[in-house]
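K.L.:
Construct all of the structure, not just a fragment, from the sequences and the given hints.
Here is how the chains run, residue by residue.
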Amino acid sequence: MSASHAAEQTEEYRPVFAGKVLEELQTILSRYPTKQAALLPALWVVQRERGWISDRNMTEVAEALGITPAYVKGVVTFYTMYHQHPVGRHFVQVCTTSPCNICGAEGVVKAFLEQTGAKDAGATSPDGKWTIIEVECLGACGFATPVLINDDFVENVTPEKVADLVKKYR
Amino acid sequence: MGFPHKPHLKETVVLSQHFGDADARTLKGWTKRGGYEALAQALKMTPVEVVEVVKESGLRGRGGAGFPTGLKWSFMPKEKKKPHYLCVNADESEPGTFKDREIMRWTPHALLEGTAIAAHAIQAEVAYIYIRGEFTEPWTIMEKALAEANAAGVFGKIKIVLHRGAGAYICGEETALMNSIEGKRGNPRIKPPFPAAAGLFGMPTTINNVETLAAVPHILKRGAAWYKGLSLSSPKSMGTKLFSVCGHVQRPGNYEVTMGFPLKDLIYDMCGGVPAGRTLKACIPGGSSVPILNREETERTLLDYEGCVAAGSMLGSGGVIVFDDSADMVYQIMRLARFYAHESCAQCTQCREGTAWTTKIMERILSGQGKMQDLDLLLDLSENMTGKTICVLSDSCAAPVVSGIKKFKNEFEDYIAGRRKPVMVA
Amino acid sequence: MTDGTINLIIDGVPVSVAPGTLVIEAAKQAGVLVPHYCYHPGLPVAGVCRMCLVEIEKAPKLQIACATTVTEGMVVKTQSAPAKDARQSVLEFLLINHPLDCPICDQAGECELQDFVFQEGRAGTRYGEYAKRFNPVEDFGPDVLYVPNRCILCTRCVRFMDDVAQEPVLNVSERGDRAYIGIHPDARLDHPWAGNVVDLCPVGSLLSKDFLHKARAWELDKTASICTGCSQGCSVTLDTRDEVVVRVRPRSNLDVNRYFICDHGRANYRWMNRGDRIEAPLVRRDGELHATDWAEAFAKVLGILRGASGKAVALVSPGASSEALDLARRLLSAFEWTGAFQVVMGEEAPLPGVPNLALRAERAPNAKGAEQLGYTRGYDAAVKAAESAAVVLVLDDPDCPVQTAGALIYAGTVLPPETACRAAQVVLPIANVAEEDGTFVNRDGRVQKYFQAKPAPGMARPAAWVLGELAAALGVAEARQ
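Chains as they are written, first to last, in this note's numbering: chain A, 1 to 170; chain B, 1 to 426; chain C, 1 to 481.
A portion of the hints provided could be inaccurate.
List of simulated lysine-lysine pairs, DSS-like, C-alpha gap at most 30 Å [what the hints assert, rightly or not]:
| # | chain 1 | residue 1 | chain 2 | residue 2 |
| --- | --- | --- | --- | --- |
| 1 | B | K144 | A | K20 |
| 2 | A | K110 | C | K132 |
| 3 | B | K421 | A | K119 |
| 4 | B | K184 | C | K132 |
| 5 | C | K132 | B | K421 |
| 6 | B | K236 | B | K82 |
| 7 | B | K406 | B | K421 |
What the hints contain is simulated information worked out from the structure, not anything from laboratory work. Note that the structure is a prediction, hence the values are computed from the model and not measured.
P.N.:
Here is the structure:
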């Protein structure tokens, strides 16, 4: 049993889909002929509201859409953008696939790790503010190196520019 | 235009005419520039008539497969007995490709207009635009444009829905895209059945790429003959294409040229060539899933479907990745193999295990522990991974590996023989 | 073809099949087994393992036989070099992460990976010194263990739970070579039919905890039998090792249970191995039961039957064979006869994906057979009637609360200390379902035969033999009307 699961068992669960958010879900459902098709959008809503998607959240989504929690979990673990654990306040995705790689992407990653104090890619910095990960092609190869900081898509990042970027978000 | 640079003289600016022009994103700005006239025209034609125009134009899919668009539309049932769907593939994740994002963030209405025309042509009431999750800026812009257009009632009965992906390259495969919209894991489906028979939610469906649909309004307005005329070489490749040039070039960006344009001119002329003091070593002309060309091949390639095949590669998505002599081909091929290993959906044995094994062998070579047999092993694995799976991700991993070993064998041998210092730790 | 069949050639053998037949099924007609993993006739097609790639003339690429429908004049080659190379490569890819667990893996000896690698795999590995993917063993629920390292991701288990059990509690988690079969933390694999995933798993990834490390597959003798768990009458195989039943598995029967049995039936075998059996005939002498031989036992019974008249009551188990039930009735044909049985009831648990298949509420295999032979469910009334009957015959019903002024004859497998049947004049030891051939009639009236899997202990004999000998002696053992 995961630690997060155990923690949730001690407090009462606060549903995500209530009030305005529930209305939002109804709107989403109206766009598709099946309830299941609302799964990806519904998961985005959960992640927007809670920062990540827990096993308990998955059960809630499953109940709302008439599918099983196992099914939801299979979908969540397939897509890399859904977080299954809490992440730092700033979630940084740096593309290191070949087109950006030959333009110095790995140097950008290193700069982020140094500037934020996160030890390795995939880890969160000690102050909990930054999680830096390497990702695959972000579709902005001509603007190397692109970096997603939460929902902000920053282009043409070089190792020299990282310090200012980190300062900006701090 | 070679956005973010100014348009080059040799470009044929059609789709990219308003790149960089923020006013063109608004409904008012778009209609001022002649937008939505083609849609109005199309809605007065019958679906079959619209299909015929697009067929006549010779437009081929710009996502990578190059399938004739009009022909694809004609596969949909003429007699409408069930709901029809249109899916727009805005999942753009092919390394080296970044054209669809530009179309969406500078000319969102162009895409919406092309979508609506296509939906009309295939008698679809609903069109889903599948935008990859990482495209946060294009998403916001598309959302705004869609809201504006809906408020103005531009699309009539056609409903356009934006659907956000969540980080999976494989969802760019048409059947995986449909599964993803349906709320499932992005697993490609076995064919048959084909989408036009049973696709999204089991209904007749057509899937088109963003760039393909962005060309449709132009074809309707200016005519099929005009589009057909935009061809420099082969009679089978018409129109313009946005080539996303990236890597070791002085001016990376999207360049719009007529089909058949020489790759040499694109790189040296329009992009300013490789950085000063360096020489071109390799080029992948169509996104990372196509074979790598060496310098000699690159310089004689004509950029259309047939021309790229003649040079030993494929046009693919038109993502031109340029490598100069400072590039470590072995490392980059490893990085591409790792890309495919990350993105494999895990259904087919060859892809699931083969992409990871290929990556491991490459890493070992780069850590100085490779052996000469590893090259034969890589070629054998690549052959076993080609033509045997549900989709072509497995084949796509094999393409750079096979062409890389063939054309840059000396770089591999340098690592194996210890002439080059290891750059990785095993 | 004008007659509606499709003619094609598979490995040089011409076959004719119905339109819509899959190549992999048509191949069976040609006597060709196309190696496969993810395909299963009881599950929807997945086409993911890629093992069944075959060469089809005029097709540019190899095609998977499990998803290709036959066409007229198709020429299929399963043994051509490209097809064999493709299969060999699939096996090689499967083995790079699959651990060399055969010495400690339950599936050894009945493992499809072993079988096909032996048949057409590479002799040695090329994976060398690379590390294999590792995940710890997981407990999925009541009887199922999941060993992710051995999993070949054929997804049979997921498809079974999704489409046949219709309780999607298993998923594929993650992507690429990190993928494994997952289950949500709140869920357990406790569906009444979930145990089938263990059979479906081609390798030793999904294991039965009940069977864990109990026996090696090649030590097992397999016997065709019929499940005694309920009135559905699923076909099963009893696996015995050294004459002890160690496992029950489904046997395919397209008309009854297709390829599946429920967990209740699967676990329902331990009683077949009970050690506290009656091993010799017993007769009452001087107020106590004494062991004796069949001759004396028979003589005693015949004496009772010939010397009594009036009412006779037969209280029988609905798990007795039809042969035994028939002979028991004949044996008492000279009397005013009442025959009755009672059935333990439980909750019904259907398998939604298969028509007319469920764990039935009636937890006995031959209630219908008993009914057809004239026995009723008026058990309590019969027990009451037995009090004043001249002869009472209890057949394999040790819990029967029988009390009679007449003569009690007990034919059973066990004689527990507190059973009322200890008051019997004669005790006849009989075989249980694993120790005899016999017939059951299921709830739909289907007559099904089961076969002997192990010897009966001591002097115990099949009830049909015991009652048959007695009936012959009385001259009532003629062929049934």
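K.L.:
Could you run down the list of hints and mark each one as holding or not?
P.N.:
Here is how each hint holds up against the structure:
For the hint linking K144 of chain B to K20 of chain A, the alpha-carbon distance of about 21 Å falls within 30 Å, and the restraint holds. Annotation: proposed proximity of K110 of chain A to K132 of chain C holds, straight-line Cα distance about 29 Å (limit 30 Å). Restraint check: the Cα-Cα separation between K421 of chain B and K119 of chain A comes to about 26 Å, which is no more than 30 Å; the hinted pair holds. Of the supplied pair hints, the one linking K184 of chain B and K132 of chain C holds, its CA atoms being roughly 29 Å apart against a limit of 30 Å.
For the proposed pair K132 of chain C and K421 of chain B, the alpha carbon gap of about 27 Å is at most 30 Å, so the pair holds. Proximity of K236 of chain B to K82 of chain B is assessed by CA-CA distance (about 34 Å); at most 30 Å being required, the pair is judged violated. For the proposed pair K406 of chain B and K421 of chain B, the alpha carbon gap of about 22 Å is at most 30 Å, so the pair holds.
In the structure shown, a violation is registered for the earlier hint numbered 6 alone.
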